[in-house]
Each structure stands twice: as C-alpha cells, then as structure tokens.
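Each chain, written out:
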Amino acid sequence: MSTVRIPPVLRPAVGGARELSVEGATVGEVLESIYSDHPEVRAQLVTDGGELHRFVNIYLNDEDVRMLDWLDTPVEDRDTLLILPAMAGGASASPAHP
Amino acid sequence: MARSYQELLAEAREVIPEITVAELAESVSADPGTLHIIDVREQSEWDEGYVPGSVHVPRGFLESRIAGVVGPDEPLVLVCAGGHRSLLAGQTLRNMGFSNVSSLVGGFTRWKQSGQDVAVPRTLSGDQRSRYSRHLLIPEVGEAGQLKLLDSKVLMIGAGGLGSPAAYYLAAAGVGTIGLVDDDVVDASNLQRQIIHTTDRVGMLKGESAKIAIEALNPDVQVNVHATRVTRENVLELIAGYDLIVDGADNFPTRYLLADASLMTGTPLVHASILRFEGHASVFMPHDGPCYRCLFPEPPPPALAPSCGEAGVLGVLCGVMGNIQANEAIKVLLGIGDTLAGRLLVYDALGMTFTELKVRRDPNCPACGPDATLEFRDYEAWCAGPHANPVGVST
Numbered sequence: 001m002s003t004v005r006i007p008p009v010l011r012p013a014v015g016g017a018r019e020l021s022v023e024g025a026t027v028g029e030v031l032e033s034i035y036s037d038h039p040e041v042r043a044q045l046v047t048d049g050g051e052l053h054r055f056v057n058i059y060l061n062d063e064d065v066r067m068l069d070w071l072d073t074p075v076e077d078r079d080t081l082l083i084l085p086a087m088a089g090g091a092s093a094s095p096a097h098p
Numbered sequence: 099m100a101r102s103y104q105e106l107l108a109e110a111r112e113v114i115p116e117i118t119v120a121e122l123a124e125s126v127s128a129d130p131g132t133l134h135i136i137d138v139r140e141q142s143e144w145d146e147g148y149v150p151g152s153v154h155v156p157r158g159f160l161e162s163r164i165a166g167v168v169g170p171d172e173p174l175v176l177v178c179a180g181g182h183r184s185l186l187a188g189q190t191l192r193n194m195g196f197s198n199v200s201s202l203v204g205g206f207t208r209w210k211q212s213g214q215d216v217a218v219p220r221t222l223s224g225d226q227r228s229r230y231s232r233h234l235l236i237p238e239v240g241e242a243g244q245l246k247l248l249d250s251k252v253l254m255i256g257a258g259g260l261g262s263p264a265a266y267y268l269a270a271a272g273v274g275t276i277g278l279v280d281d282d283v284v285d286a287s288n289l290q291r292q293i294i295h296t297t298d299r300v301g302m303l304k305g306e307s308a309k310i311a312i313e314a315l316n317p318d319v320q321v322n323v324h325a326t327r328v329t330r331e332n333v334l335e336l337i338a339g340y341d342l343i344v345d346g347a348d349n350f351p352t353r354y355l356l357a358d359a360s361l362m363t364g365t366p367l368v369h370a371s372i373l374r375f376e377g378h379a380s381v382f383m384p385h386d387g388p389c390y391r392c393l394f395p396e397p398p399p400p401a402l403a404p405s406c407g408e409a410g411v412l413g414v415l416c417g418v419m420g421n422i423q424a425n426e427a428i429k430v431l432l433g434i435g436d437t438l439a440g441r442l443l444v445y446d447a448l449g450m451t452f453t454e455l456k457v458r459r460d461p462n463c464p465a466c467g468p469d470a471t472l473e474f475r476d477y478e479a480w481c482a483g484p485h486a487n488p489v490g491v492s493t
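So the sequence lines, in the order shown, correspond to chains A and B.
Heads up: the first sequence at position 89 corresponds to 89 in the numbering used here, and the numbers run straight through without jumps.
Position in the second sequence (first residue = 1) + 98 = the numbering used here.
Take these hints with a grain of salt, some might be off.
Residues from chain B that face chain A, not an exhaustive set, calculated with beta carbons under 7 Å [to be verified]:
{"no.": "1", "residue": "R227"}
{"no.": "2", "residue": "N349"}
{"no.": "3", "residue": "F350"}
{"no.": "4", "residue": "S371"}
{"no.": "5", "residue": "I372"}
{"no.": "6", "residue": "P395"}
{"no.": "7", "residue": "L402"}
{"no.": "8", "residue": "A403"}
{"no.": "9", "residue": "I434"}
{"no.": "10", "residue": "A447"}
{"no.": "11", "residue": "T451"}
{"no.": "12", "residue": "L455"}
Since the hints were made in silico from the structure, they are not lab data.
Note that the structure is predicted; figures quoted are calculated from it, not measured.
Here a beta-carbon is modelled for each residue, glycine too, at the ideal position from N, C-alpha and C.
Excised from the complex, chain A in its bound form (with noise of 0.2 Å):
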C-alpha cells in the first residue's frame, strides 16, 4: 500500500481524508483505485479523453512522475504519491482583476 496525499481542494472529494492508503503497482494503478473508490475526484483531475489534465502535478515521493514514467511509474510500498494542483493562494474577499 502506497500512501497518497491529498491537497485540500479535493478533500471534500474523498470525504475530508487528507491521505489515503492505496493499492496499486503503478501511479495510474494507484490513480485509478482511487478514482473506483471516489468518483468525484476523476472528474476533477480527468479530461473527457482521458488524460489527466495537466494543471495536475503528481509526485512520486519528491519527483514529478511526468520526469519518471508518467502514469506507467512503477509504486512499491511505502512509497508516497502526492497530488498538487496549484494554488492561487491570497485572501482577498474580491479577487484582483489583471
């Protein structure tokens, strides 16, 4: 079981989990028993072909999988995936318009 960290925008999308213990001998294995287990989150990370989309970065420990085997990497135990989407951060009530 690999553990898979979850960044806060998808934790309403796995029940507030903020990891998650998942089987899987490759990232898109691992991916994909999450996507079986919580829908959700493969139409947030998905396109409609398929892919994931590419604001989406994954990292296999601290290496991104797209400088690895992309979703053919393989994932041994106690390895750790981590999804990062990007954050705009700040606090503004009124988001600034460029």
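With chain A's structure known, arrange chain B on it following the hints.
Quick look at chain B alone, frame taken from chain A:
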C-alpha cells in the same frame, strides 16, 4: 620590572621590519594582491579612509580574527595611524607564529600626506550599526551585506496575508526600498493574519497602512505605494527599478502575469501561496532555473482554485509562508546560501510537515523554453477556463 611604552616599541622594532610608504606603494603596484595589508586602527579611524586593498582588523580583535584573513606564512603589512600600534600588533602576530610581518612607518597618516590613493569606505551610521548589529555579527551578512540590503529594492505584490509579514520583515532587515502594489483597503476580516495593518486603519488603503507601519519600524526604508492592480499594461513599468519581486498575489491571473514579466525582465520571483493549512513556496530565477510555468504549465479551473476568501486560511500560516519569502528574498539579494530555486516547499500546518519536491526546468516550457516566445496574454480569460476562452490561446 615595569617597562615603558618607548621600551616596548624599541623591542618591537628589533623583530618587526618597517617599510616606508614608497616601498609599500611600489610593492602593491608591482605585485597587487600578494601582500596582505592589515589595518589595525579603530572603526572610526578606518571610516575616515584607508590604504586601498587593505583589510580592517581592529587591534582589539587581532588575535581572534587574523586567522580568517591571512595565513601564518603569507607576507603581511600592518598599518595603523602613526606606525606604533602596528609595531606592537606585529609583535603579537610574531608570537602567534606569523613569520612574514612588517609595519608601515608613519602609518596611514604618512601614506595620506604622501599623496597616495586613499579609499573611503561606505559605512553604516552609528544608528544603523546598532540597529543591524545582529546582522553585522553574521559572517554571511556583515557590513557589506547590510549595505547591499540597504541598496536593494524589492517589489511586493500584495500587502495582504503574505505581504504583511514579508514586507514587515524585509523592512526590519533594512531592505532600503520596498514597493507595495495593492489597490485594496484594510478590512476588519484582514486583521486575523495581515499583521502590518491595525484596527484603527480599517478602511485605509493597504499600501498606505503598511507604509505607516514600516516607517514606524525602520526609518531607513523608502516605501513606494503603488495603489493599483498589476496589469499587462503596467507590470513592466512597476517592475522597472526593482531587484526582486515577492509574489503575494491572491489569484492565478496575477501569478501567471508576474511569472511572464519576471522572465521578460530577468527579475527573480519569490513565490508563495496559501490555502487553509497548506502553503507552497519556491524561488524562480529567470532562465537560470525552472519558472512558474515549468512547475504549473496551466492554471486549474476556478472550481479547483478556490480563494482563501472562499475556503479560508489559517492566519498563522501566512506568517510562516510570508517569512519564508522574506528569508529567500534576502538570500537572493545577498547571493548567499541555497535558495528554493529548483524546489517547491510544501508546508502542511495541520500535520506540521515540510515536504520538498523537485522542480526541474521543462525543456518544452511555453514560457522559458528555447522555443518560447513570451508575450502577455489575456490572463483573466485564460484562468477562467476553456469555457470562457480556449486554453492556451492568447487573446
């Protein structure tokens, strides 16, 4: 038996060779950099001028500091005001095993009277020496570093959650010019985290409120208030004249605009973003490391990018992340240490974990790659998502 001052000098003269102004000048011009010139006078004397190329080690610190300046077998000349203290300092160094020590006859006074070049240091004032004393004690900062900070100009985007601590600490550190870009006014709901503002300044322009706080903290700092939003039209003009940008923006269009402008102008960008209990921080050195778009090629759709106004943010988190930005800004300005360039720091305040992720330069980056043609786009439409405007299409 007690010995007089004259006897001590005479003893020193027996073991420490003296060289004349002409000999020193000739030696320096014939073989610059070989001979170490150590000036042992007090700070106030040094401030009036010194022999060019000399290093200041006050007599009182000679024994403790000399090892960091010159090796025991290297040739060195000691200089004081008139040539006496340098002789006695030479005795001390001989006792410490320095074998190639001489003393300038007549000292700096005769050097100056002989019409030789004199260097005058740019120095901190007495007040500044006191204010920045804890920086001056750090070898990586010191007086030269502090003067560099005082000459530095930082553009702070946003005087809010991140900008409050970042700008406040940069001001305390003596960053000489801080530009604050924010067109918002202080709201009561800001005060849980935006500590540069105060209850009695609710309703005031944030830049003006921050300026009051900074000027009360440190009169050395020049605060430029830019009461505007950052736009395609004004961003290059805003950045011009600043050495570094600290991104404390609250929205993706501004962040991508700043990322592009940072690359266009070659201005380092110190990044942080915050939401609830989570913070991100990195440093983007234009064309010398990954850029924001190497990390995040495209903005997420608004549904996956709630603002803190919608999702909330722990006030203290802003302090942690804003101060990480101030820390990184100072390192970039001074050229010291290892910055977060090439790394994304992810801080989870709830789990109290700091995670470091590698960020690599994307060879196909649409912003900083070899084939990239940088031009401003309609960031607002781009970040609103494909329904508003096809992703990746500049308008």
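Minimum beta-carbon distance criterion (7 Å), N349/B to chain A: holds (5 Å)
Holds or violated: is there a CB of chain A closer than 7 Å to the CB of A403/B? With a closest approach of 5 Å, the A403/B hint holds.
Hint check: is the beta carbon of F350/B less than 7 Å from a beta carbon of chain A? holds (5 Å)
Against chain A, is L402/B within 7 Å by beta-carbon distance? holds (5 Å)
Restraint satisfaction for S371/B [CB to CB of chain A, less than 7 Å]: holds (3 Å)
Report holds or violated for the interface hint on A447/B, using the least CB-CB distance to chain A and a cut-off of 7 Å. violated (11 Å)
Interface hint compliance - I434/B to chain A, C-beta minimum distance less than 7 Å: violated (24 Å)
When the nearest CB of chain A is found for P395/B, is that gap smaller than 7 Å? At 5 Å from the nearest chain A Cβ, P395/B passes the 7 Å test, so the hint holds.
Using Cβ atoms only, decide whether L455/B comes closer than 7 Å to chain A, and label the hint accordingly. holds (5 Å)
Interface hint compliance - T451/B to chain A, C-beta minimum distance less than 7 Å: violated (9 Å)
Is the shortest C-beta separation between R227/B and chain A less than 7 Å? violated (38 Å)
Verify the interface restraint on I372/B: the C-beta must sit less than 7 Å from at least one C-beta of chain A. holds (4 Å)
Violation of the numbered hints given earlier is confined to hints 1, 9, 10 and 11; the remaining hints are satisfied by the structure.
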